[in-house]
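Take the sequences, apply the hints, and build the full model.
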Amino acid sequence: MKYLVSIDGGGTKTKFCVSDLDGNILKEHTTGSTNYKSVGIKKTYENINNGLKKILKDLYIDYDDIEYTVFGISGCDSPNDYKIIMDEILKIGINKEKIYLANDAVLAFYAQADSPGLVIVAGTGSIILGIKEDGEIYRVGGWGYNFSDLGSGYDIGRKLLKKVLLYCDECHEYSDLFSCVLDFFGANSFEQLAYMITDINNNVEIANLASLVIDCAEQGDKLAIEILRESSTELSKLAQVILRKISNPMKIDKSEINIVLSGGTLNKTVYAQMLMNNLKTENTDKNLKFISQENQPVYGGIRLAMALANRRVKHG
Numbered sequence: 001m002k003y004l005v006s007i008d009g010g011g012t013k014t015k016f017c018v019s020d021l022d023g024n025i026l027k028e029h030t031t032g033s034t035n036y037k038s039v040g041i042k043k044t045y046e047n048i049n050n051g052l053k054k055i056l057k058d059l060y061i062d063y064d065d066i067e068y069t070v071f072g073i074s075g076c077d078s079p080n081d082y083k084i085i086m087d088e089i090l091k092i093g094i095n096k097e098k099i100y101l102a103n104d105a106v107l108a109f110y111a112q113a114d115s116p117g118l119v120i121v122a123g124t125g126s127i128i129l130g131i132k133e134d135g136e137i138y139r140v141g142g143w144g145y146n147f148s149d150l151g152s153g154y155d156i157g158r159k160l161l162k163k164v165l166l167y168c169d170e171c172h173e174y175s176d177l178f179s180c181v182l183d184f185f186g187a188n189s190f191e192q193l194a195y196m197i198t199d200i201n202n203n204v205e206i207a208n209l210a211s212l213v214i215d216c217a218e219q220g221d222k223l224a225i226e227i228l229r230e231s232s233t234e235l236s237k238l239a240q241v242i243l244r245k246i247s248n249p250m251k252i253d254k255s256e257i258n259i260v261l262s263g264g265t266l267n268k269t270v271y272a273q274m275l276m277n278n279l280k281t282e283n284t285d286k287n288l289k290f291i292s293q294e295n296q297p298v299y300g301g302i303r304l305a306m307a308l309a310n311r312r313v314k315h316g
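Going letter by letter, the sequence shown gives residues 1 to 316 in the UniProt record's numbering.
Mixed in with the good hints there might be a few duds.
[Said to hold, decoys possible] Cross-link-like lysine to any residue pairs, in silico, SDA-like; alpha carbons within 20 Å at most: (1) 53 / 87; (2) 222 / 174; (3) 53 / 41; (4) 280 / 296; (5) 91 / 32.
[Claimed, not checked] Label-pair restraints from in silico Cβ distances: (6) 208 / 143: 37 to 47 Å; (7) 172 / 284: 34 to 44 Å; (8) 195 / 256: 21 to 31 Å; (9) 172 / 148: 17 to 27 Å; (10) 13 / 201: 16 to 26 Å; (11) 170 / 38: 38 to 48 Å; (12) 64 / 185: 47 to 57 Å; (13) 21 / 208: 39 to 49 Å; (14) 63 / 40: 16 to 26 Å; (15) 40 / 195: 44 to 54 Å; (16) 188 / 237: 34 to 44 Å.
Since the hints were derived computationally from the structure, they do not count as laboratory data.
All residues carry an ideal CB built from backbone N, CA and C; glycine is no exception.
Laid out in structure tokens, this is it:
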């Protein structure tokens, strides 16, 4: 009997899933991060190797029994990243011809939809991937917090903190949103808040402010709405680049283009609605279908493995 394996490697944890060739889930397992940029390549190898050994041992499966293995790994952003990660995977003993390796956002897409389409991921960071009908992948964004990740939770949080500091310096009019930030940090005054903000060295803490902005925007706060409009416009411009790449202008029949919205900021929020409105306005000639991320990305790896085993998409 043959099996399919999916590995969804994130920045904090990695999920393993094994199914039969029909996609029926047989076993799941979780280990630590496999983003080598966060935990190092040695730990990445250990977590992949130990996780695979554990789940296969529990099912009495050998590597020769695996028909296809799909790896969606956070931090797999460039050809060099691909080589570094693939070299570690091959040490485990899996047949290279039966491996597909890509960024973890690919799994998020296939968990919800089939190509052609794109996945817009806007959580702590952001990235947009487009997938053509034949499986060819295009990517924009996701180059890191300092110079990229527009429209992400971090980007929204950073925009808010800039406004707060301007207010602390008496260079911005007051907004009720600022008092929410004061409460969020547990500061006694805006003077104290300014010092607390400058001491932040955690990107996730900044990104967590996005939920505050979204909540206030849904209550009608003007500044919160302004911040979200700016970020949603930036994110939609990135998505527009991908849409142009995956669309076939010569096709008379305008088939659906699936757009998967993934990440905490796009979980059925006013921010997600702003983004969808932007894309609808810019693409009146296209049949866009928006899908909220509800299925776990690791299941997308199983769906992709099924397609690869049947040669319906390109091998990575």
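For each hint, the structure was consulted:
no.: 1; hint: 53 / 87; in the structure: holds (18 Å)
no.: 2; hint: 222 / 174; in the structure: holds (11 Å)
no.: 3; hint: 53 / 41; in the structure: holds (18 Å)
no.: 4; hint: 280 / 296; in the structure: violated (26 Å)
no.: 5; hint: 91 / 32; in the structure: holds (19 Å)
no.: 6; hint: 208 / 143: 37 to 47 Å; in the structure: violated (21 Å)
no.: 7; hint: 172 / 284: 34 to 44 Å; in the structure: holds (37 Å)
no.: 8; hint: 195 / 256: 21 to 31 Å; in the structure: violated (51 Å)
no.: 9; hint: 172 / 148: 17 to 27 Å; in the structure: holds (26 Å)
no.: 10; hint: 13 / 201: 16 to 26 Å; in the structure: holds (23 Å)
no.: 11; hint: 170 / 38: 38 to 48 Å; in the structure: holds (39 Å)
no.: 12; hint: 64 / 185: 47 to 57 Å; in the structure: holds (55 Å)
no.: 13; hint: 21 / 208: 39 to 49 Å; in the structure: holds (41 Å)
no.: 14; hint: 63 / 40: 16 to 26 Å; in the structure: holds (25 Å)
no.: 15; hint: 40 / 195: 44 to 54 Å; in the structure: violated (33 Å)
no.: 16; hint: 188 / 237: 34 to 44 Å; in the structure: holds (40 Å)
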